[in-house]
Amino acid sequence: MAKTIEGLYYSESHEWVRVEGEYGYVGITDHAQQAMGNIVYVDMPEEGDEVEKDSDFGAVESVKAASDLIAPISGEVVEVNEALADAPELINKDAYENWIIKVKLSDASELEDLMNAEDYAAFCENEH
Amino acid sequence: MKYYDKLIFELSKPGRCGYSLPVSPWNTTADALPEGLRRTAAAELPEVSELDVVRHYTNLSNMNFGVDTGFYPLGSCTMKYNPKINEEMASLACFKDIHPLQPESTVQGVLELYYNLERSLSAITGMANFTLNPFAGAQGELTGLMVIRRYHELRGDMKRTKIIVPDSAHGTNPASAAVCGLDVVEVKSKPDGRIDIESLRPLLDDTIAGIMMTNPNTLGLFESEIKEIAKLVHDCGGLLYYDGANFNPLLGMVRPGDMGFDVLHLNLHKTFSTPHGGGGPGAGPVGVAAHLADCLPNPRVVLGADGKYQLLTSETSCGRVSGFMGNFGVLIRAYTYILSLGKENIRMAGPLAVLNANYIKESLKDCYKLPIDMTCMHEFVFDGLLDKSTGITTLDVAKRLLDYGFHAPTIYFPLLFHQAIMIEPTETESKETLDGFIEVMRRIAEEAIANPEELHSAPHNTPVRRLDETTAAKNPILTYRESLCKK
Numbered sequence: 000m001a002k003t004i005e006g007l008y009y010s011e012s013h014e015w016v017r018v019e020g021e022y023g024y025v026g027i028t029d030h031a032q033q034a035m036g037n038i039v040y041v042d043m044p045e046e047g048d049e050v051e052k053d054s055d056f057g058a059v060e061s062v063k064a065a066s067d068l069i070a071p072i073s074g075e076v077v078e079v080n081e082a083l084a085d086a087p088e089l090i091n092k093d094a095y096e097n098w099i100i101k102v103k104l105s106d107a108s109e110l111e112d113l114m115n116a117e118d119y120a121a122f123c124e125n126e127h
Numbered sequence: 000m001k002y003y004d005k006l007i008f009e010l011s012k013p014g015r016c017g018y019s020l021p022v023s024p025w026n027t028t029a030d031a032l033p034e035g036l037r038r039t040a041a042a043e044l045p046e047v048s049e050l051d052v053v054r055h056y057t058n059l060s061n062m063n064f065g066v067d068t069g070f071y072p073l074g075s076c077t078m079k080y081n082p083k084i085n086e087e088m089a090s091l092a093c094f095k096d097i098h099p100l101q102p103e104s105t106v107q108g109v110l111e112l113y114y115n116l117e118r119s120l121s122a123i124t125g126m127a128n129f130t131l132n133p134f135a136g137a138q139g140e141l142t143g144l145m146v147i148r149r150y151h152e153l154r155g156d157m158k159r160t161k162i163i164v165p166d167s168a169h170g171t172n173p174a175s176a177a178v179c180g181l182d183v184v185e186v187k188s189k190p191d192g193r194i195d196i197e198s199l200r201p202l203l204d205d206t207i208a209g210i211m212m213t214n215p216n217t218l219g220l221f222e223s224e225i226k227e228i229a230k231l232v233h234d235c236g237g238l239l240y241y242d243g244a245n246f247n248p249l250l251g252m253v254r255p256g257d258m259g260f261d262v263l264h265l266n267l268h269k270t271f272s273t274p275h276g277g278g279g280p281g282a283g284p285v286g287v288a289a290h291l292a293d294c295l296p297n298p299r300v301v302l303g304a305d306g307k308y309q310l311l312t313s314e315t316s317c318g319r320v321s322g323f324m325g326n327f328g329v330l331i332r333a334y335t336y337i338l339s340l341g342k343e344n345i346r347m348a349g350p351l352a353v354l355n356a357n358y359i360k361e362s363l364k365d366c367y368k369l370p371i372d373m374t375c376m377h378e379f380v381f382d383g384l385l386d387k388s389t390g391i392t393t394l395d396v397a398k399r400l401l402d403y404g405f406h407a408p409t410i411y412f413p414l415l416f417h418q419a420i421m422i423e424p425t426e427t428e429s430k431e432t433l434d435g436f437i438e439v440m441r442r443i444a445e446e447a448i449a450n451p452e453e454l455h456s457a458p459h460n461t462p463v464r465r466l467d468e469t470t471a472a473k474n475p476i477l478t479y480r481e482s483l484c485k486k
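Here the protein sequences come in this chain order: A and B. Position 21 of the first sequence, counted from 1, bears residue number 20 in numbering that gives the first Met the number 0, the numbering being contiguous throughout. Position 322 of the second sequence, counted from 1, bears residue number 321 in numbering that gives the first Met the number 0, the numbering being contiguous throughout.
Source of the hints: derived by calculation from the structure; they are not laboratory data. Incorrect hints may have been included.
[What the hints assert, rightly or not] No farther apart than 20 Å at their CA atoms in a straight line, the calculated lysine to any residue pairs in the SDA-like style are these:
(1) B:187 - B:371
(2) A:92 - B:469
(3) B:187 - A:66
(4) B:368 - A:125
(5) B:189 - A:2
(6) A:2 - A:34
(7) B:473 - A:33
(8) B:189 - A:122
(9) A:52 - B:184
(10) B:473 - A:125
(11) A:92 - A:53
(12) A:52 - B:161
(13) A:52 - A:18
(14) A:92 - B:187
[Unchecked claim] On the chain A side, residues computed to face chain B include the following (Cβ under 8 Å):
(15) 34
(16) 39
(17) 63
(18) 64
(19) 104
(20) 108
(21) 111
Just so you know, even glycine gets a beta-carbon here, dropped at the ideal spot from N, CA and C.
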């Protein structure tokens, strides 16, 4: 059973956002890492890039598949998690501890479109 | 199976020799070459006997698994038998001893074959014209999209920069579109993988260059609303692209041109029985409806009024996609296949492929989870074992199949199901082979309950056991020298 964490915002494409002040940390969910299997590469944007809600900002590759990362919120990338460049498997170890990008939110109201932990768990349950 | 991974250089012994070169009929020597092109040290070639060479390559080939070795039910890949007459025709001196730069008048027969294959494929698919130049399916996709772009460009319609791709599409579709400079817009599919028309409708406007579709779709189901989809896309000024990866079940029965498609590519190495895989030469001919013929790549082969075949280059073309005329040897094989079957028998390929797929599906659905339980076309998808309590994954099942001498089906694709096993038997397999496969699949389902450890640690009988795919993907060793360092 995949984990969810209270207080995070979740998207239908299985990304999460943790909000800290005007910044949001973005990663992929535990459900996503389980479905992907062993992750071997994370394609990340660069600092200063703009990400746009519902557009791809990178990709995750596993031994099974490559999957686009879809931004759950818009804003400027202020930091990327460099540790994932050498150790992408960290996402498999803990998908919520290992964020992918830190974004300066340009429109906090976009968060309203995302799910809470309970709704996301139900969404995963019903997906198939 | 005996493990063998030597390089031929490891067999080399100084002075050993297995050949004698004939005297050059042209009486030339290296002295005529400019200084910079002359070799100063001897080439480091392996020194081996003929028997060394024969054993070396026979041992290597024994490590291979191919359609000639056993059943190869790889979904979405149509691994049908490659008839040996194809090879015989492609080996004829009149085809293999010519040069691509010879004058047209000296290679009329070759151009005639190209022309006839183009006409045959047009008739089979209901398109007006074909280019046979693209080297592979993915390049065919790119070529088809270049044709679409060129078509809009020639009409002065520069706004059309988006291409719609269903979320169940083959991964190459969005990749080809991106390489062609088009923005990919994803359209949702319904649970059975068919396109959701209501999700499609709002995407259609004057920025849409076209839509890419595979029919039957990735779950082996026919897009029954294709006529409606074609109308909607055409009404907004877009074009329909047909991915021919799944053309096999329709061969001789249904024509994409009649469904309303404007552009398509075929994989000759799938539907038309030419060799497949291993990175060998492929061929991805692209067919178009009449209004797009002028956009096909240069050069095209046309039949002049004087009865002679000519190479035609035109300004309206989308450009050149290959140095010469594609992988011509592959084209010979595909043309041989079409002629060998003939008009009547070619109609049997599709129905038999469909029958074989449904036979396996129905025989196994009581022990493997069948998420879409309906008549399939040439392939279908299981979502792992029916009994999920054993913890046995699709990967375990696939690895165990190798122990029983079958190639594994496609696994973990499509992404619509977490434990996908995609099976495509093709029409060339006998009932006995299918029964043998079904029996083994049932035995594996029993082992999952009785002896799961046997499956977790499979394969047991192959030259190498289960590989560490994560390390292989992260730290690939791609050269012999690197492998020596690691040892």
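So, going through the hints one by one against the coordinates:
1. B:187 - B:371: Judged against 20 Å, a Cα distance of about 17 Å means the pair holds.
2. A:92 - B:469: Distance of about 14 Å is within 20 Å: holds.
3. B:187 - A:66: Status holds; Cα separation ~16 Å.
4. B:368 - A:125: holds (17 Å)
5. B:189 - A:2: violated (27 Å)
6. A:2 - A:34: holds (13 Å)
7. B:473 - A:33: holds (19 Å)
8. B:189 - A:122: holds (16 Å)
9. A:52 - B:184: Holds: residue 52 (chain A) and residue 184 (chain B) sit about 14 Å apart, inside 20 Å.
10. B:473 - A:125: violated (34 Å)
11. A:92 - A:53: Violated - the C-alpha atoms of residue 53 (chain A) and residue 92 (chain A) are around 26 Å apart, more than 20 Å.
12. A:52 - B:161: holds (18 Å)
13. A:52 - A:18: holds (15 Å)
14. A:92 - B:187: violated (31 Å)
15. 34: Residue 34 (chain A) check passes; min Cβ-Cβ to chain B is 6 Å, inside 8 Å.
16. 39: Status holds, d = 4 Å.
17. 63: At 4 Å from the nearest chain B Cβ, residue 63 (chain A) passes the 8 Å test, so the hint holds.
18. 64: holds (6 Å)
19. 104: violated (25 Å)
20. 108: violated (23 Å)
21. 111: Residue 111 (chain A) check fails; min Cβ-Cβ to chain B is 22 Å, beyond 8 Å.
Hint compliance for this structure: hints 5, 10, 11, 14, 19, 20 and 21 are broken, all remaining hints hold.
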